[in-house]
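Participant: Given the coordinates of chain A, work out where chain B should sit on it, guided by the hints.
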Amino acid sequence: MNSINNLLQEKEVIITCGTGGVGKTTLSAALGIQGARLGKKVLVITIDPAKRLATSLGLKDLGDSPVDLTSFLTENPNSGEFHALMPDTHSTFDDFLRKLAQTPEQEEKLKQNEIFKIFTKEFSGANEYMALQKLNKIVEEMDFDLVILDTPPSRDTLSFFNAPNLLNRFFEEKHIQKFLNPANKVLSFGMNKVLGILEKLTGKGFMSNFIEFAIALFDLRIAFTKELKNVENLLHSERVGFCLVAAPSSDLAPDIRHLVGQLNEKGFQFSSFFINRCVSSLNTQDWTPMEKNEKEALELIEDIQTQEKETIEEIFNFLQSNQNTEPYFKKIPQMSRDIHSMEDLFYVAHHL
Amino acid sequence: MQLVQEIQSKKFLFIGGKGGVGKTLLSQAFAQGYSDQSLKTLHIEFESPFRKPGEETKINNFLTSINVCLEPAFFEYMEMKIKIPRVAQLFAKNKLIQYLTEATPGFRHLILLGKTWHSQHHYDRIIVDMASTGYGIAMFHSTRNFATLFRGSPLKEDADAIHDTLSDVKETAHLIITLPEEMPLIEGQELSQSLHKLFPKNPAYWLVNRRFPEIQGEKKNHLPLFLESAKDYAIQRSIQEKLKVNSLLKNKDHISIPWLKTHLKTKNKITDELKLHLFGGAH
Numbered sequence: 001m002n003s004i005n006n007l008l009q010e011k012e013v014i015i016t017c018g019t020g021g022v023g024k025t026t027l028s029a030a031l032g033i034q035g036a037r038l039g040k041k042v043l044v045i046t047i048d049p050a051k052r053l054a055t056s057l058g059l060k061d062l063g064d065s066p067v068d069l070t071s072f073l074t075e076n077p078n079s080g081e082f083h084a085l086m087p088d089t090h091s092t093f094d095d096f097l098r099k100l101a102q103t104p105e106q107e108e109k110l111k112q113n114e115i116f117k118i119f120t121k122e123f124s125g126a127n128e129y130m131a132l133q134k135l136n137k138i139v140e141e142m143d144f145d146l147v148i149l150d151t152p153p154s155r156d157t158l159s160f161f162n163a164p165n166l167l168n169r170f171f172e173e174k175h176i177q178k179f180l181n182p183a184n185k186v187l188s189f190g191m192n193k194v195l196g197i198l199e200k201l202t203g204k205g206f207m208s209n210f211i212e213f214a215i216a217l218f219d220l221r222i223a224f225t226k227e228l229k230n231v232e233n234l235l236h237s238e239r240v241g242f243c244l245v246a247a248p249s250s251d252l253a254p255d256i257r258h259l260v261g262q263l264n265e266k267g268f269q270f271s272s273f274f275i276n277r278c279v280s281s282l283n284t285q286d287w288t289p290m291e292k293n294e295k296e297a298l299e300l301i302e303d304i305q306t307q308e309k310e311t312i313e314e315i316f317n318f319l320q321s322n323q324n325t326e327p328y329f330k331k332i333p334q335m336s337r338d339i340h341s342m343e344d345l346f347y348v349a350h351h352l
Numbered sequence: 001m002q003l004v005q006e007i008q009s010k011k012f013l014f015i016g017g018k019g020g021v022g023k024t025l026l027s028q029a030f031a032q033g034y035s036d037q038s039l040k041t042l043h044i045e046f047e048s049p050f051r052k053p054g055e056e057t058k059i060n061n062f063l064t065s066i067n068v069c070l071e072p073a074f075f076e077y078m079e080m081k082i083k084i085p086r087v088a089q090l091f092a093k094n095k096l097i098q099y100l101t102e103a104t105p106g107f108r109h110l111i112l113l114g115k116t117w118h119s120q121h122h123y124d125r126i127i128v129d130m131a132s133t134g135y136g137i138a139m140f141h142s143t144r145n146f147a148t149l150f151r152g153s154p155l156k157e158d159a160d161a162i163h164d165t166l167s168d169v170k171e172t173a174h175l176i177i178t179l180p181e182e183m184p185l186i187e188g189q190e191l192s193q194s195l196h197k198l199f200p201k202n203p204a205y206w207l208v209n210r211r212f213p214e215i216q217g218e219k220k221n222h223l224p225l226f227l228e229s230a231k232d233y234a235i236q237r238s239i240q241e242k243l244k245v246n247s248l249l250k251n252k253d254h255i256s257i258p259w260l261k262t263h264l265k266t267k268n269k270i271t272d273e274l275k276l277h278l279f280g281g282a283h
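Protein chains in written order, with my numbering: chain A, 1 to 352; chain B, 1 to 283.
Okay, chain A solo, but in the shape it has when bound (with noise of 0.2 Å):
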């Protein structure tokens, strides 16, 4: 791939990852509005609980609906649009129950399980599972040009993507009838002691809970792996493109090499790279230190700069190597302060 732009026009959803405190919301925003600017309708969807994209935007929040920013563009975008949205989770899910419920009665049931609030509160892969929910609802149902997803953050990257197919085993219907319908079979002995033991260990008030919470999504499962399934189609649709955001640290390599064995095995689309806040272009030559700090910062600069320059070394030969197609590869500069308006992030933009 020989230019971003070729990359923007070429694809309809673009999801970045990254560890955390990478910039990955920035550059997020950042491939956004060079989308407007290419005159394309973009919607940027961020799953970010510290709320940066709306931080950098200088707004206090955004909402579960796409909220148009294109007015905030400074340059003018030829007939380009630029909206952002938040997915409220939580609200999202009540959503899903209530489409999925046959009766209000059910879903009502559902609600007031000891077991479902929990579920619904941790991260279980309910709010995976509703963000690409969402982004496919979008994607399909609504007239963006280009739709970028912004993961959040976790120590391994694509987790994110498994956590809807182990809610998915929740629903397989061989282990749930086989815990729902025990009077229907002649247990085994084995069987009956694990559950009496299962008993003891947790009190009867989880049991009932359990079952209770398990009838109630059994009776969801087949529009719930419907849904599960169309996701999936997006996701490894020629539609889609994978980017990744990293920082230039000495221990990037190994997690780079992981990250694309995971992508590759599981068949997404690895499109573009980005490495963000080098500092390699930083000129350290007319720079006599005075003082001993100075001195010391002037070699941590040069430190940091060998190390990147090595880094960045390794990664490149290592995609060469490993990848059939080339993904778009750029270095970002280190920025010299937070982005604090839609000027900053035009600037971001320019270096992609």
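Just so you know, these hints were derived from the structure itself, not from any lab.
Being a predicted model, the structure only gives us computed values, none of them experimental.
Each computed PhoX-like pair below joins lysine-lysine, with the alpha-carbon atoms no more than 25 Å apart:
1. Lys197/B / Lys11/B
2. Lys309/A / Lys330/A
3. Lys266/A / Lys52/B
4. Lys226/A / Lys117/A
5. Lys95/B / Lys204/A
6. Lys265/B / Lys295/A
7. Lys193/A / Lys81/B
8. Lys242/B / Lys292/A
9. Lys331/A / Lys261/B
10. Lys295/A / Lys220/B
11. Lys137/A / Lys41/A
12. Lys265/B / Lys292/A
13. Lys60/A / Lys41/A
14. Lys11/B / Lys170/B
15. Lys81/B / Lys204/A
16. Lys83/B / Lys193/A
17. Lys10/B / Lys170/B
18. Lys200/A / Lys95/B
19. Lys295/A / Lys261/B
20. Lys58/B / Lys265/B
21. Lys197/B / Lys60/A
22. Lys242/B / Lys261/B
23. Lys226/A / Lys109/A
24. Lys292/A / Lys219/B
25. Lys40/B / Lys58/B
26. Lys81/B / Lys200/A
27. Lys137/A / Lys226/A
28. Lys193/A / Lys93/B
29. Lys269/B / Lys292/A
Facilitator: Relative to the frame of chain A, chain B by itself:
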């Protein structure tokens, strides 16, 4: 160094903060520092994809590091609860039970935390490297959630006991690691608030990692986003850092660690340097 000593007096140390702020290296430096003083120390990582599940590594006579993962931890826990190993094995290996442990929200967290908590009988100090902010908070919440879910069961008693230990200012230190930059500081504050809600009587400690050397210069109001001169960058970086830390941490007492030169240095060498900054030279 006084803060480090205070932290060191407590049995448990939970280290949290945004990804990429240096939690792993710093938690290792703490662990090394403890073990240098002949404290039998356990360093815990949760579900690291880079190590084998349950992998236990003896680093020196006083220091062991373990990658705590669901499956082995669950098995151990069941052995402890059920007492008859053969029955425990039957139970833990049962397909339905395996499925329930994976599918029940928060259960994973409780088991991992339970394993951590039970380790206190075998070690003087336990240091936990929490994967990310959200993960850590979800994990701490799991004890509350399960106390509600498992009313009147042995699991609830454990969940309550774990929560009590985490709340106890004498037994547990919560340390938030941040960088002197806006976003990590803000996320650190959010973590601090969540911890405060969970453990109001056990305020968290702060550590600001990777401080840039302080250099004199003028603050410019209309600064370009991308600078060309390393000197300009250094001056602005130094000024901004001070402003950010002062405005976001206020006068809160915190541990401060300088940005270390790491090129061509091994991980062990870096950990040693960090240890020196935390604990000082003389033991």
